[in-house]
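These protein sequence lines map, in sequence, to chains A and B. The first sequence begins at 1 in my numbering and counts up by one. The second sequence begins at 1001 in my numbering and counts up by one.
Hints may be right or wrong, so weigh each one.
Rough simulated footprint, nothing fancy, chain B against chain A, three-plus residues with beta-carbon under 8 Å [to be verified]:
{"no.": "1", "region": "32–39"}
{"no.": "2", "region": "43–49"}
{"no.": "3", "region": "57–67"}
{"no.": "4", "region": "74–83"}
Because the hints were derived from the structure by calculation, they are not lab data. Computed from a predicted structure; not experimentally measured. C-beta atoms are modelled at their ideal positions from N, C-alpha and C, and glycine is treated no differently.
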Amino acid sequence: MSASLYTLLGAALVGIGLHGALVRRHLFRRVLALNVLGSGVFVLLVAGTPEPDPVPQAMVLTGIVVTVAATALALALALRVAVRTGRAWLPEDEEA
Amino acid sequence: MIPAAAWPALVVLLPLAGAVAATFAGRHAAHVAWLVTPPSAGAALGLLLELRRDPLLVQPGGGWAAPLGIELRADGLAALLVAVTAVIAIGIVAYAGSYFSERARDDAAAPPPARAASHFWPLWFFLWSALNALFLAADLFNAYVALELVGVTAIAIVALDGTAAAVTAAMRYMIASLLGSLLYLLGVALLYRSTGALSFEALAAAPPAGGLGAVALISITLGLGLKTALFPLHAWLPPAHGSAPAPGSAILSGLVVKGSFMLLLRVWLVIFPGASAGAGAAVLGGLGAGAVLWGSLLALRQRALKPLIAYSTVAQLGYLFLIFPLWTHAPQLALAGGMMHLVSHACAKSAMFLAAGAMVRALGDDGLDTIAGVGARVPLAFAAFGLGGLNLAGLPPSGGFIGKWLLLTAAIESAQWLWALVLLAGSLLAAGYVFLVLRAAFVRVDTPAATRAIPRRLEVVAFTLSLLAVGLGIWAVEPLALIASSTLLRP
């Protein structure tokens, strides 16, 4: 598998994630989409050269930790929103 | 006694230690706050004093150099930002202690306010530490980590009250923040792929070229613009800053949005110096102008204090983006003006939110009708609001005046009349919405709202911060010297 194929895959994941985060209205799907976006960015970071490069790998590891923490907060908040408002989406995404 | 290179690390580590201590202190977190704040603020002062001897302090964390090490770099401008953060932090700590204990005393049957107090302190100290790390970061990836920590703690502070409005605003902020960070990281990834470098120094020496560089810059700008609530990506800010508890709103409007802006500024001016001459800078300036006009107009339409102040933040942030189009022809003036505006707005906006918090405590809610006619009951709060408003409108002798004056001079010197017009229009609109609130203090009302006694401290802290914003205008020589010694101005 060449570097360019991974790069393409990474770009596709970024696109899918961006689309989901912006277009979907259900909060859980949006958080999921943001995770896909994050994974896409990580693939793009690591897919540079066929030989392993430690710097982007270190960055991806840190990024994974950061994303896990942020996702935990996002899910907890989404749960709170659902409990407090009875809806799993933001008020502006309410379909009339 | 303390080695020169240790000051940047101390400035980040002391509040961090305080955060950990506050987490374990539970109900006694307020005492930890009083213990940790003086050394942390002292470290910021130490950093400033150390920079007099050595204009640039570089601290490789643990002795490991870049690219795998965490390097902290302090120049004059970074030290100024750290110092202003520390001063506002002292105010926040003094205010929040009283504020939360007052709320806890309120309604013993409702658990959220009491919990909010002990949760605020660890979040606040993590935020302070992360802000310092962001101002001192020497490379793009460490900046990302600091940026995320700032975002996560800020979001949690927004959600502290636990009401439907607060958690909804926090969720919206979370999505915007996460999307912003990931877009920023995408840009960093593209930059690394095309240049193999991450530190500002290395990227300045070997600037990224061509299409990949442009895509990276656009991605970073979109991401950080989202986090700084640049018009038209500002929709998350007013509800978030309006729903947070008063000390939280002060931090959010005063410091958090400035952190992501400073990162954006550094990326543009250090890594992509040529971009400031092109259309991209004009676009940013145009969006900034849009923010000034749109934010001010929306602020004029608000019927309650906190949303008004929050929309005012959107407007005032727009001024900062005028640095980009003005950079090519008048870099010293543009940077000096923008940075003076940034630090005085931080003080003034914090003062205004703290004053609003005091008024809400005293009167029950912050509607413009509720605060009518009660000027004599909360005089210092109104005075703080007024002095803060002086700053927003750019009237002398405030720091805001100095900032706007320098930006105006830069615009006129480079014959970019559009930005000059925007600056003047923005000042007029700011005076408008500030007056909307101040008139309420003097209007005679038959049945003014009932006032509850509030601790003196709340009003005094707000007033002191607003005096500080004015002081920055009177004693501007030191801050201007620090800004002039910034590494951003070296070619």
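Hint numbers contradicted by this structure: none
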